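A.B. asks: Below, each chain spelled out in residue letters.
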Amino acid sequence: MTTLQPPAAAEPRPAPPPVRRDRRSWTGWGFLGPFVAVFALVFLAPIAYSVYLSLFREQLIGGTTFVGLDNYAEALKDDRFWASLGRVSLFLAVQVPIMLGIALLVALALDSGRLYGRDFFRISIFLPYAVPAVVATLMWGFMYGTRFGLVGDINGALGVSLPDPLSPDLVLASIGNIVTWEFVGYNMLIFYSALRVVPHSLYEAAQIDGAGQIRVITAIKLPAIRGALVIATIFSIIGSFQLFNEPSILQPLARNAITTDYTPNYYTYALSFNGQQHNYSATVAIVMGLITMVVAYAVQLRGMRKGV
Amino acid sequence: MTSPVATASDRSAPPPSDTSRPAPRLRTPRRRHSADRPRRSVLLTVLTSLVLLYSLVPLVWLAVSATKTQEGLSRSAGLWFDGDFALWDNITETFTYDDGVFTRWLLNTLLYVGLGAGGATFLAVLGGYALAKFDFPGRRSVFAVVIGAVAVPGTALAVPTFLMFSKMGLTNTPWAVIIPSLISPFGLYLMWVFATEAIPTELMEAARIDGAGELRTFFRVALPLLAPGIVTVLLFTMVATWNNYFLPLVMLKDPDWYPLTLGLNSWNQQAATAGGEAVFNLVVTGSLITILPLIAAFLLLQKYWQSGLAAGSVKE
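Here the protein sequences line up with chains D and Z, keeping their order. For what it's worth, UniProt numbering labels the leading residue of the first sequence as 1, then goes sequentially. For what it's worth, UniProt numbering labels the leading residue of the second sequence as 1, then goes sequentially.
The hints are simulated quantities; they were obtained by calculation from the structure and are not laboratory data. The structure presented is a predicted model; accordingly, all values stated were derived computationally and were not measured. All C-beta atoms, glycine included, are put in the ideal place defined by N, C-alpha and C. Please note: incorrect hints may appear among the correct ones.
[Unchecked claim] Here are some, though not all, of the chain D residues that point toward chain Z, as calculated from beta-carbon distances under 10 Å:
id	residue
1	V42
2	L53
3	S112
4	W181
5	S193
6	Y269
7	M293
[Unchecked claim] In silico negatives: residues of chain D with every beta carbon more than 12 Å from chain Z:
id	residue
8	R57
9	L69
10	G159
Using the sequences and the hints given, assemble the complete structure.
C.D. replies: Okay, here's the thing in C-alpha cells:
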C-alpha cells in the first residue's frame, strides 16, 4: 500500500563531494514526498472540494445550481449556527483556563522535585489520555446518572439531592468536566517535558541571588515554557471549537439538553447526514474552520509577542 | 548539547510503589537543600493527590463496575463491589454476545491501528527526517501548509472527505478509515524536531563518503538513532486511531466494519431504541477491555516516549 517510490531520483548522484547541510537539492523531496502525497489527498483535496460544494445549492426542482456566496450569506444569518458557536465559545472561555491551569500547577509541582512518588503521579495523571473519548463519555455518563451512578450514590448516602448533571443547565459544565478529565494529564505532560529541559544552572543562579520558589517560577520557568503554553492553548482552542464526540455520545442520556445543533460540528454533521444538506454543511464547516484559524493565529501572535 | 535520549526519564526517581514508603531520603539530615534536591513537601503531595484522585477514580469505577451484573450495577454503590462477582461472566458474554461481534470490532480496531498508525508513523518519520536533514526547494512552505492544516478542524474535513470517498467508492470499506489516519501533522512535527537533535549531520556525511546511498544512510544510520522518537510518534498515532470515533462514524455504515469505539456506543444506544436489549454490563466490561491495551502500552513504553517528548519540547 505504501508506495516508496521516491529516492530513485536521488540515487544516481555521483560520489558526493564533502557537502554541508545547507546545500540545496531535491533529495529531501524523496523522503517527504509520500507524506505530501497522502496529505494532499486527505487534507487539501477535501478542503478544495468543500469550497467547491459551498458554492452550489441542491434544490428539489432544478437539481444543483451555482449560487455563488449565497450559502455564506445564509450561514452568517443562521441563528442556530451562532447559538452553537456561542456555546463552544463559553465552553472554551471556562474549560480551557481551568484545564490548562490545573495541568500547569501539576507540572510545576512535579518539576519542583518536592513531591513524594513523582513518577507515580506523572504516569497516573496522564493515563486518562489513553482512554477513548467514547469510553470516557460513556463512563462519566453512567457516573452522572442520578439513578445508578455516583451522583445517585452521593444523594442516597448523604440524603441530599444534587442537581442532575445532565439537566439543560448543567450539561455543558458536565461535558467540560469530561474534557478536562481527558486532557489534564496530556497537557501536564507537555508542560512537564518543557520544564525538564530548562537548564538547572539558571535555578542555581537564582537561588544564589536569593530568589524564592514563586520568583523562580514567574521569572524563569514560565517564560522558558512559553512556547509549550502557547501550543497547548492553541490545540485546546481548536479542540473546543471541534467539540463533537462528548455531546453526541451523551445525547441519548440528555435528550432535552443536547440538540443536534449543540456545537458547530454537531450541526454540520446533522446537516449533512440527517438533513442531506451537503452544500450548506460544507459552508458552515468552512466558516467554522476560518474562525478557528483566525482565533488560533491571533493567540499565537499574542503569545509569541509578549515579552520577546 | 545533551543527547535527547538522556533527558527526562534518566533522572527518573523511584518506581511507582515508592509512594507508600515514607521519607525515602534519610541521609540528608541537615544538608542544605540545593536547587537540585529540594525538601519533599507533604502539603504539595497532598494537593497533587487531589488531581490524582480525580484522574484515577473514574478508572477505578470502571474496573469495579466491570465485575457487576446488570442488576448489580444499579443495586450497588458505584465504587464498591456488589455481592455477585461477575467479571468472568461479563468478559465471556462480551466476547460472545451477538455472535461475537465484539471480537470482530477488536480485530477491526487492530487492523486500523496497524495500518493507520503504522503507516502514519512511517510517513512522519520519512518526512520529519527530510525536513530536519535536507534543504530543498519548498521546504519552508511545506511546513507552513502542514502546520496551517492542523488548525482546520478534523471533524470539518470529515464531511467533504466522506463525499469524496463516496464518489471513489471507498466509503463503508476499511480504506475510508485507514487512509485519512495516515497523516499525523503532530507526528511530523515531533519527528522533525527529534531528527534535528538526534542525528549528527557529520554522521550522515561520513556514511555518504563511505559510499552509502541516501536510502542506506536513512535505514542504517538514521533509523536506529530515531528509535525513541519513533516509539513516541507510534504511541500517539496509535492512541489517535484506536480512539478514533468521528471518522469511522461518518465513513462506516456496516457494523461489521466498526472499530471498538463505534461498537461500544452502539451497544450503549441499544437500550434507548425501541425493543432493544439493555446491555450496560457489557458496555462497561467492553469499555474496560478497550482501554487496557493502550494503558499497558503507555506503561510499558514510558521510558521511550517520555524521552521522545522531552526532545520535542527543546525547540519551544
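A.B. asks: Each of the hints needs a verdict: does it hold here or not?
C.D. replies: Verification of the hints:
no., hint, in the structure
1, V42, "holds (5 Å)"
2, L53, "holds (7 Å)"
3, S112, "holds (6 Å)"
4, W181, "holds (7 Å)"
5, S193, "holds (4 Å)"
6, Y269, "holds (7 Å)"
7, M293, "holds (5 Å)"
8, R57, "holds (15 Å)"
9, L69, "holds (18 Å)"
10, G159, "holds (15 Å)"
When each numbered hint is compared with the structure, no violation occurs for any of them.
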